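A.B. asks: Spelled out, the chains give:
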Amino acid sequence: MGAADILSFIIFLPAVVAFILMISTTKIEDVRNIAFITTIITLLLVMKIYLNFEPKAEMQFVTNISWISKYGINYYIGVDGFSLTILMLIAILIPTSYLLLWEGRTKGYWINMLLIQTGVTGTLLSLDIILFYFFWETMLLPIFLIIGIFGSGNKVFSTIKVTTYTMAGSLLMFVAILYLGVSFFNEYGHWSFQYNDLTTLTNLSANEKLFLFLAFLTAFMIKIPLFPFHTWITATYSDAPTGGVFLLSSIMAKLGVYAVVRFMIPIFPDTFVQFSDWFVFIGIFGMIYFGIAALMQNDIKKMFAYSSASHLSLIAAGIFSLNSYGINGALYLIIAHAIATGGLFLLIGLLHDQTGFKTIKDLGGIAKKAPIFTFMFAIMLFSNIGLPGTNGFVSELLIIFGIYEFNHTMGYISAVTVLVAASFMLWMFQRAILQERVGDALPMRDLRIKEIVGLAPWVILIFLMGIYPDPFIDKFEPTVTHYINNFLQTGVIK
Amino acid sequence: MIDQLIYLMPIVTVLIGAIALMFQSMYEKYSIRDFIFVSSLFLIIALGFAIYHFGDLFTTRPFNDIFNNVIIFDTFANFFNIALLSGALLIVLIGEYYAQEHSYFKGEFYAMLLFSLFGMMLLAHANELITAYIALEIASFSVYILVGFDTENSKRVEAIFKYLVLGSFIGAFFLLGTVLIYGATATTNITEIVQFINVSSSEDLLLVYIGIAMILFTFLFKIAAFPFQSWVLDVYRGAPILVTAYMASVFKIAIFSFFLRAILSDFITLSTFWETALIVLTFITLAIGSWLAITQNIVKRMLAGSSIVHTGYMMLGIIALGESIESAYSIMFYLIAYLLSALGAFGLVSHVIADTKVRITYDDFKGLGQERPYLAALMTIFMFSLAGIPSTIGFIAKFYVFTEAINAGYAYLAIFAIIATAISIYYYFRLIAMMYFYPSFADKNVSKSSDARISTFMIGFVALLVIWGGIGSAIVFFIPIPSIDGILSVVELSVQSLFLK
Numbered sequence: 054m055g056a057a058d059i060l061s062f063i064i065f066l067p068a069v070v071a072f073i074l075m076i077s078t079t080k081i082e083d084v085r086n087i088a089f090i091t092t093i094i095t096l097l098l099v100m101k102i103y104l105n106f107e108p109k110a111e112m113q114f115v116t117n118i119s120w121i122s123k124y125g126i127n128y129y130i131g132v133d134g135f136s137l138t139i140l141m142l143i144a145i146l147i148p149t150s151y152l153l154l155w156e157g158r159t160k161g162y163w164i165n166m167l168l169i170q171t172g173v174t175g176t177l178l179s180l181d182i183i184l185f186y187f188f189w190e191t192m193l194l195p196i197f198l199i200i201g202i203f204g205s206g207n208k209v210f211s212t213i214k215v216t217t218y219t220m221a222g223s224l225l226m227f228v229a230i231l232y233l234g235v236s237f238f239n240e241y242g243h244w245s246f247q248y249n250d251l252t253t254l255t256n257l258s259a260n261e262k263l264f265l266f267l268a269f270l271t272a273f274m275i276k277i278p279l280f281p282f283h284t285w286i287t288a289t290y291s292d293a294p295t296g297g298v299f300l301l302s303s304i305m306a307k308l309g310v311y312a313v314v315r316f317m318i319p320i321f322p323d324t325f326v327q328f329s330d331w332f333v334f335i336g337i338f339g340m341i342y343f344g345i346a347a348l349m350q351n352d353i354k355k356m357f358a359y360s361s362a363s364h365l366s367l368i369a370a371g372i373f374s375l376n377s378y379g380i381n382g383a384l385y386l387i388i389a390h391a392i393a394t395g396g397l398f399l400l401i402g403l404l405h406d407q408t409g410f411k412t413i414k415d416l417g418g419i420a421k422k423a424p425i426f427t428f429m430f431a432i433m434l435f436s437n438i439g440l441p442g443t444n445g446f447v448s449e450l451l452i453i454f455g456i457y458e459f460n461h462t463m464g465y466i467s468a469v470t471v472l473v474a475a476s477f478m479l480w481m482f483q484r485a486i487l488q489e490r491v492g493d494a495l496p497m498r499d500l501r502i503k504e505i506v507g508l509a510p511w512v513i514l515i516f517l518m519g520i521y522p523d524p525f526i527d528k529f530e531p532t533v534t535h536y537i538n539n540f541l542q543t544g545v546i547k
Numbered sequence: 002m003i004d005q006l007i008y009l010m011p012i013v014t015v016l017i018g019a020i021a022l023m024f025q026s027m028y029e030k031y032s033i034r035d036f037i038f039v040s041s042l043f044l045i046i047a048l049g050f051a052i053y054h055f056g057d058l059f060t061t062r063p064f065n066d067i068f069n070n071v072i073i074f075d076t077f078a079n080f081f082n083i084a085l086l087s088g089a090l091l092i093v094l095i096g097e098y099y100a101q102e103h104s105y106f107k108g109e110f111y112a113m114l115l116f117s118l119f120g121m122m123l124l125a126h127a128n129e130l131i132t133a134y135i136a137l138e139i140a141s142f143s144v145y146i147l148v149g150f151d152t153e154n155s156k157r158v159e160a161i162f163k164y165l166v167l168g169s170f171i172g173a174f175f176l177l178g179t180v181l182i183y184g185a186t187a188t189t190n191i192t193e194i195v196q197f198i199n200v201s202s203s204e205d206l207l208l209v210y211i212g213i214a215m216i217l218f219t220f221l222f223k224i225a226a227f228p229f230q231s232w233v234l235d236v237y238r239g240a241p242i243l244v245t246a247y248m249a250s251v252f253k254i255a256i257f258s259f260f261l262r263a264i265l266s267d268f269i270t271l272s273t274f275w276e277t278a279l280i281v282l283t284f285i286t287l288a289i290g291s292w293l294a295i296t297q298n299i300v301k302r303m304l305a306g307s308s309i310v311h312t313g314y315m316m317l318g319i320i321a322l323g324e325s326i327e328s329a330y331s332i333m334f335y336l337i338a339y340l341l342s343a344l345g346a347f348g349l350v351s352h353v354i355a356d357t358k359v360r361i362t363y364d365d366f367k368g369l370g371q372e373r374p375y376l377a378a379l380m381t382i383f384m385f386s387l388a389g390i391p392s393t394i395g396f397i398a399k400f401y402v403f404t405e406a407i408n409a410g411y412a413y414l415a416i417f418a419i420i421a422t423a424i425s426i427y428y429y430f431r432l433i434a435m436m437y438f439y440p441s442f443a444d445k446n447v448s449k450s451s452d453a454r455i456s457t458f459m460i461g462f463v464a465l466l467v468i469w470g471g472i473g474s475a476i477v478f479f480i481p482i483p484s485i486d487g488i489l490s491v492v493e494l495s496v497q498s499l500f501l502k
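Respectively, the protein sequence lines represent chains A and B. Sequential numbering from 54 applies to the first sequence in the numbering used here. Sequential numbering from 2 applies to the second sequence in the numbering used here.
Isolated chain A, as found in the complex (with noise of 0.2 Å):
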């Protein structure tokens, strides 16, 4: 096996696995430990990219196979500094997360864990434009049976919806696509869907620009979610089982960002440029309205739905800041983003499962009876919030430096704001995990030493990563400069 070949490897082993498990009849306790000791192999072939991973701005571990050759599609993956950190992320998110998961799922859980595993990696390595696709489609669907299955209240329907939203927006990008490589076909005679080919197209005016941009931004905005495709985020958040809402909010979530970059800033670089006001406005926009929304909730779940919507918009505005500040800060919050938030939804699944409730105002006194959940619950908020120490502040302050150079009003608007996501969520943390509760006290056992295991490593990154940053900035800080100066320049220039 090729170093190339490794992350083939990573992209199938979960699906292969998954597949074997499905028709083997191996009781409940294997299938958990089959897969949870997959995904360790999964982390360690990471782990090994990543230390082999020479920081330059091109790709690396390329994979090129020619697929559908009429139509010159090919089986093209490859890693550069983005989707490196991403990758780790989501190698070293996921074991964890069956840690916290481990007792009481069935065995069609930890399938559809590792069919979605081998969907978002497979996302996040694919190259050529219309395998993304495949995979971006086929992630969804371990998704709809996870949360449909497996769900709470009222789950077919929340299915059915974040279904058919998905869907459709990633079918408007499929037509985009599609024009996108006739597009080319016209302009060089031959087929090609390579994100790399499809850069130095010409041929487009600025009208059909415009309309493929909106196809492959309406597809993003939905999964990621930002203002106003959200409505889907709290019905689903709300109603799917811990493990959905863990992968949907801090990874899948993610690939909508990273999708952006990877895609429509080399894409449409004029275009972004163009729109970039826009975008940056509706980021903010929606981190307030989301801030305000999550402020007013009473379930945890859909507080934190909100929460991390009001998260991600920051994000993309950031994104769409066109500095050096602003991407690197944005990527950099992917990453403290899903640790805390994955650890948060987490957490509150343990709650949930514990004590029944999920309301704020039925929960109370969890801090007596939980000490050291209570502590990690207090550092991923703490992270969420950006405190000073955290990875959160990092990004954060990075963000905002980014968008005050890009627009000294919006930047000032953003450093205020960012005050609403740490006034709801103390709030919320002094009302249902520290306040003496009225009534009887709750059901709830501490976290056992599997679970704090699994998260040590969060933590550590949390801290970690927050005083000292310069080591994982380094990794993709090549491409980020890569981007701005091929792509956002001739975007401007253009």
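These aren't lab readings, by the way, just hints derived from the structure by calculation. Bear in mind that the values here come from a model prediction, so they are computed numbers and not experimental data. Where hints are given, some of them may not hold.
Stated by the list, open to error - For lysine-lysine, the following DSSO-like pairs were computed, each having C-alpha atoms within a straight-line distance of at most 30 Å:
1) K367(B) - K160(A)
2) K214(A) - K367(B)
3) K214(A) - K160(A)
4) K367(B) - K80(A)
5) K367(B) - K208(A)
Said to hold, decoys possible - Computed footprint of chain A on chain B; a stretch qualifies when at least three of its residues, placed anywhere within it, have a C-beta under 8 Å from a C-beta of chain A:
6) 388–397
7) 402–415
All C-beta atoms, glycine included, are put in the ideal place defined by N, C-alpha and C.
With chain A fixed as given, assemble chain B onto it according to the hints.
C.D. replies: Showing chain B alone in chain A's frame:
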């Protein structure tokens, strides 16, 4: 002699098989298993003869002094023969369980099935309008009888009469068109008509154009496009589900085989004459099909309604055919993809309802995921493929058709078709939701019979083909299996054979 005869063998074998089955069904002592065995034997032999020429590029007119140019044997027809034979074979084998559980399946059923298949194969070879008409009627009349086979179904009379009356009526249009064309050109041979069209001025061609319009009515009726779609739901519902599957997939392929030949050989010229009308019809077909599919509560009718939507996608390809010939490949690929997915879906429904006599609604599928997890998983694969989700052959097929449509400059049609696809996700995914998201009925009599039988193995095989067609060899590049490029190159070869002189 022998080398000419070998070209005729597939179609002759089917005919002999049909007659043999008819004689066999006169004897009471044969059980339904024997008929299934005999009919699949003939089909496999015919398939073997057809595959004998697989991959060759040829066009020939064996025994031309007898047939006088009315039938052509070429790679194009051979491709369709293989598709038709495999489709019929799959229907026979997948329906094995259903046929044994329902007493109305007699030996004649298989005889009629093979007769209709004979008609369809003849249609794929036809190069002359009268021959095409006869072949079409052989196929249609056999199918009329097949539609009425379900004596347990009170809707069958409505189904058979609706289909018989409307079908015969529309058949008359075909004849009328032929007459008009003959009046203008003094020939019914397609090659000669094309020559006439090429040398004549447009005033002389008025009759020919009207004739072609009449013939296209038949085409639109048989593929169930707007405004000739209203028979579909009732006929599909009244027919035994195996026949429904047969009509939705195999019969449609046969219709396309003739009309693709007619269009590709410039007999029916779309770009000048029919484009606007077809665009409008495609819009409405997609809209009406989606509407019909959404509003159904019976799964069989939903599949019937959605088959209209798939017709709409294929019409998209037909319109694009006016601009580039490449679009023919996409239609042919789509036909294959739809054949596999629809056969799988219909077959699986037939298997599930074989031992229960209930009218099968969405609600009846509740809890299938727990009771019969493997069947539910297979059904999920077929639904994904029909909805065009990546990693199934349905996605690749949609990709081809939409790409060709955009390439021909019909981006707005592609967008409309994509909207239809988005809607289709709702009604296909609803079935998956029913199977997995609800507990099963407590009082539902769970079948005790084993699922390990020919029909389930065939359904599983079809599901494998569906997945293979969606992934091909690139992603599993470490396993040396042929890629989906293979299908495309076969299709390309078939179309090339039309232009051999």
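A.B. asks: The structure should be examined with respect to each hint, and the outcome stated for every one.
C.D. replies: Hints and how they fare:
Simply put, K367(B) and K160(A) have alpha-carbon atoms about 20 Å apart, close enough for the 30 Å limit, and the pair holds. At roughly 19 Å between alpha-carbon atoms, K214(A) and K367(B) fall within 30 Å of each other, so this suggested pair holds. Our distance criterion of 30 Å between C-alpha atoms is met by K214(A) and K160(A), whose separation comes to about 25 Å. For the suggested pair K367(B) and K80(A), the alpha carbons sit about 25 Å apart, so the restraint of at most 30 Å is met.
The straight-line distance between the Cα atoms of K367(B) and K208(A) is roughly 15 Å, inside the 30 Å bound, and the hint therefore holds. Coverage of the segment 388–397 of chain B by chain A holds. Counting CB-CB distances below 8 Å, 5 residues qualify, and the rule asks for three or more. For the segment 402–415 of chain B, the stated coverage by chain A is satisfied: 6 residues place a CB nearer than 8 Å to a CB of that chain, which reaches the threshold of 3.
Going down the numbered hints, you'll see the structure goes against none, and every one checks out.
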